[in-house]
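Asker: For the sequence shown, counting from 1, position 112 maps to 238 in the numbering used here; every step adds exactly one.
Keep in mind that the hints were calculated from the coordinates and are not lab data.
One or more hints might be untrue.
[Said to hold, decoys possible] FRET-style restraints, in silico, Cβ to Cβ:
| no. | residue 1 | residue 2 | range |
| --- | --- | --- | --- |
| 1 | G188 | L152 | 19 to 25 Å |
| 2 | S163 | P246 | 44 to 50 Å |
| 3 | I211 | L242 | 39 to 45 Å |
| 4 | Q131 | I213 | 40 to 46 Å |
| 5 | A159 | I211 | 46 to 52 Å |
| 6 | I213 | A244 | 43 to 49 Å |
| 7 | F176 | T218 | 21 to 27 Å |
| 8 | A244 | L216 | 40 to 46 Å |
| 9 | S166 | M127 | 37 to 43 Å |
| 10 | S166 | A236 | 33 to 39 Å |
| 11 | R129 | E187 | 26 to 32 Å |
On a predicted model such as this, the values are computed, not experimentally measured, just so you know.
Beta carbons are placed, not taken as given, at the ideal position from N, Cα and C, and that holds for glycine.
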Amino acid sequence: MLRTQLYRIVTPGALSQRLVFAAAILLMAVILAFDLSTDSSIRLHLLYIFPLAAIALHCEEGLDVLASFFLALICQLFTALLEGISIAALATDALVFSASSLLVVVLARAVRESLLRAAPKGDTGARRVELSREA
127 MLRTQLYRIV
137 TPGALSQRLV
147 FAAAILLMAV
157 ILAFDLSTDS
167 SIRLHLLYIF
177 PLAAIALHCE
187 EGLDVLASFF
197 LALICQLFTA
207 LLEGISIAAL
217 ATDALVFSAS
227 SLLVVVLARA
237 VRESLLRAAP
247 KGDTGARRVE
257 LSREA
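All chains, full assembly: derive it from the sequences and hints.
Answerer: Put into structure tokens, the structure is as follows:
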């Protein structure tokens, strides 16, 4: 059971692209809410890479990935501005977040392409999950 669920999470096509996108955006909103409600010494900015990775892995449209990248960046910068950090620190945070997020997106897209290329013709992620249950 757990193995099947984990397999679905990391297999492009096993979950609905719209469902993954909506859940990831909702998770970004939850991260933002927690980030805003915690003390400025607690930084949750790195957590945005998880929903970003899910979108990059499961959503075919590059526009979805790009939109979620900028949404995560805006959420992070919004929190930083409310905390009143200096412009230099804000710029540094934006560069570090952009670089780490870009790395996550590139790696997730590479994994997506590799898994889709390795799948038999006409195979869907949902079918692979069914096969993994039988194994």
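Asker: What hints, given by number in increasing order, does this structure fail?
Answerer: Hint 5 contradicted; others consistent.
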